[in-house]
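Novice: Chains as they are written, first to last, in our numbering: chain W, 1 to 506; chain A, 1 to 164.
Some hints could be false.
[To be verified] Simulated DEER-style distance windows between Cβ atoms:
id, chain 1, residue 1, chain 2, residue 2, range
1, A, V139, W, P412, 20 to 26 angstroms
2, W, P18, A, H159, 36 to 42 angstroms
3, W, K384, A, H81, 28 to 34 angstroms
4, W, G187, A, K124, 47 to 53 angstroms
[Stated by the list, open to error] Derived DSS-like pairs (lysine-lysine); straight-line CA-CA distance at most 27 angstroms:
id, chain 1, residue 1, chain 2, residue 2
5, W, K253, W, K285
6, A, K125, W, K384
7, W, K384, A, K124
No wet-lab data here; the hints were simulated from the structure. Because the structure is a prediction, the values reported are computed rather than measured. For each residue, glycine too, the CB sits at the ideal point set by N, CA and C.
Spelled out, the chains give:
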Amino acid sequence: MMEAFGFLLQGLATAMDPMLLLYALLGVTLGTMVGVLPGIGPALTVALLLPVTYGLDPAGSLIMFAGIYYGGMYGGSTTSILLNTPGESASIVTAIEGNKMALAGRGGPALATAAIGSFVAGLLATLALAFIAPSVVKLALIFGPREYFALMMLAFVTVSAAFGDSAMKGLTSLFIGLALALVGIDGLTGQTRLAFGVPQLLDGIEVTTLAVAMFAVGEALFVAARIEGADAKVHAIKGAVRMTATDWARSWKAWLRGTAIGFPIGAMPAGGADIASFLSYGAEKRLTKYPQEFGHGAIEGVAGPEAANNAAAAGTLVPLLTLGLPTTATAAIMLAGFQQFGLQPGPLLFVTAPTLVWGLIASLLIANVMLLVLNLPLIRIWIKLLMIPRHWLYAGILLFATLGTIGVNPSPIELVQLTIFGLMGYGMRLLNYPIAPVVVGLILGPMAEQQLRRALSIAQGDWTTLVSTPLSAGLLTVAALALIIPMLMRARGRGAVLSQIAADED
Amino acid sequence: MSGNSPFTKERRPNGAAFAIALGLAALGALLIWQGVVIPDKGGYAGIGSGAAPKAVGGVLIVLALGHLWTGVKSTALPHPHQNWAAIGWVLLGLLLQLFLLKPLGFTIASALLFACTARAMGYKKLHIALPVGLVLAFVVYGVFDGLLKLNLPAGFIEHLIYRG
Chain W
1 MMEAFGFLLQ GLATAMDPML LLYALLGVTL GTMVGVLPGI GPALTVALLL PVTYGLDPAG
61 SLIMFAGIYY GGMYGGSTTS ILLNTPGESA SIVTAIEGNK MALAGRGGPA LATAAIGSFV
121 AGLLATLALA FIAPSVVKLA LIFGPREYFA LMMLAFVTVS AAFGDSAMKG LTSLFIGLAL
181 ALVGIDGLTG QTRLAFGVPQ LLDGIEVTTL AVAMFAVGEA LFVAARIEGA DAKVHAIKGA
241 VRMTATDWAR SWKAWLRGTA IGFPIGAMPA GGADIASFLS YGAEKRLTKY PQEFGHGAIE
301 GVAGPEAANN AAAAGTLVPL LTLGLPTTAT AAIMLAGFQQ FGLQPGPLLF VTAPTLVWGL
361 IASLLIANVM LLVLNLPLIR IWIKLLMIPR HWLYAGILLF ATLGTIGVNP SPIELVQLTI
421 FGLMGYGMRL LNYPIAPVVV GLILGPMAEQ QLRRALSIAQ GDWTTLVSTP LSAGLLTVAA
481 LALIIPMLMR ARGRGAVLSQ IAADED
Chain A
1 MSGNSPFTKE RRPNGAAFAI ALGLAALGAL LIWQGVVIPD KGGYAGIGSG AAPKAVGGVL
61 IVLALGHLWT GVKSTALPHP HQNWAAIGWV LLGLLLQLFL LKPLGFTIAS ALLFACTARA
121 MGYKKLHIAL PVGLVLAFVV YGVFDGLLKL NLPAGFIEHL IYRG
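Using the sequences plus the hints, can you model the full thing?
Specialist: Here you go:
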């Protein structure tokens, strides 16, 4: 406990470096921007920026990426409330009550409770991250290949099959990702697989190319294909962006509950921020003293989910930093960001690069304060972004999407991949297949394969090694239950609740 | 516009499920075939380089069967009308950029992509979209190639102005 505090203070000293502050500011500004803009989320933005940051400072770039993740969670609420179009998937529930509040002329308090709730949750969850991380690192040191393998199986199941409207669709997405992950040179034997003599495929399929294609190109195609009629209407904010005493009284408990729900969900491989926000909405609906207001603009229904999605975003960093295990698409791309600088997140990173890790965690606290300023007094500037016509917005998104790919590797092969995966992303959106499992499968697939083969080598080919410790057996059991129970629920017609909590991109 | 073909209105039931089943089966078969043909010394418990492709391929085949089953059992949900012309415009933009990137440079190729995407989103004034795209792509080139040292393909515009 005390050692974490000391590390955090050192981290704060690191994070106060003017350059790093600038990176954090850049990150949270970009994050808020993409959060506000419908159609682009944090996963896509980090993917677009990865190639751009090759030549920059690793610590600064990673701080910027984390700032984008946090900022995206803040900004998403604005679009949900004012436009009824969630800016990113974790803000879908915010739209339910938030937009009703805006319609009733209470857009100001809705935006305020979302921003302050995000701040409270972000602050508490980042502190929780700082205090939990050292213990998880100690635990992780006893992890062997079989435990890592079991943990990855759990992550696979929760990302793909546990939520959403069909386990088969989620698993299909996951296995497409796992199939793509096999392309290139096998890390253990050096054997080339599925490259078919194309030299550009020897390094495998780039995570950034896949993510940019599926999120940017796929989304652009999807939006273009259903263009009919005019853009949605933005509700003007009437009155000030502040809350009355009653609003405060009704919000603060919802913030704390949202944080308590969101952080563990993010921290355990149990799904991303969108799932946390749905569960928080459900909890608020059950506990409220004003049930008649739900569905007509209850402030708790904005406060809880917005706190939950920020807390979950911070929670996601626990497995990412301590175990090197990404559990959401954004985390998967951030992992690619670490690897780009030759850093491997995991217990060792806390030993080999403590300044960087603690600087990153501490800068998130600072980023939170910046975000509060960006999202309360300056909210009207962001709303102007919603006035950008859709055709300029998407034309710009595609230009930047191809820029990233061309910048890393200006070979036609990459651009062909971008187009093919873009079409695949469009088809998957059209037919309701989740996108995130493809990206997570691509990045976790090779790691899971290596851990399995290592575990079997250590045990000299004895498969029972996978369940020979209570930890690995327990994790595999939980993974199996997370696969089977939702299937039974759907079979018995109780699947509606699961398809609501569909994990999407963030 | 070609987007109004009757095909999109009266979609044959389950067409999508069967098509996906076919695609998954093909991908699965490809993986299993590759898993079998690559040199594999086996490793412990037969888990070498070829094992993962075979396993993933096997699951893909099972998923293909699952899709076949869904295709037989259920009727497909009616699709929202899809504007195929718009998709064509985005793809045209991507292809133009792909083929013109080397000969004409980043600025012109990307401006064409920009204009085509704007057209796909319903903005029909190409004489405005193209110059806007040119200016944006030109500025982007300057910032990313000049300041951030990203290596973007240069054409005559870039040579003329940035290196001339």
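Novice: State for each hint whether it applies.
Specialist: Hints, verified against the model:
For the pair V139 of chain A and P412 of chain W, the supplied restraint of 20 to 26 angstroms holds, since their beta-carbon distance comes to about 25 angstroms. The hint said 36 to 42 angstroms for the Cβ distance between P18 of chain W and H159 of chain A, and at roughly 37 angstroms that hint holds. With their beta carbons about 32 angstroms apart, K384 of chain W and H81 of chain A fall inside the hinted range of 28 to 34 angstroms. Range check, G187 of chain W to K124 of chain A: Cβ separation about 50 angstroms, and the 47 to 53 angstroms hint holds.
Distance restraint check for K253 of chain W and K285 of chain W: the Cα-Cα separation of roughly 13 angstroms lies within the 27 angstroms cut-off, and the hinted pair is therefore satisfied. Restraint check for K125 of chain A and K384 of chain W: the C-alpha separation of about 24 angstroms stays at or below 27 angstroms, so the hint holds. Pair hint K384 of chain W plus K124 of chain A holds up; C-alpha atoms about 24 angstroms apart against a cutoff of 27 angstroms.
Every hint, counting from the list given before, is met by this structure.
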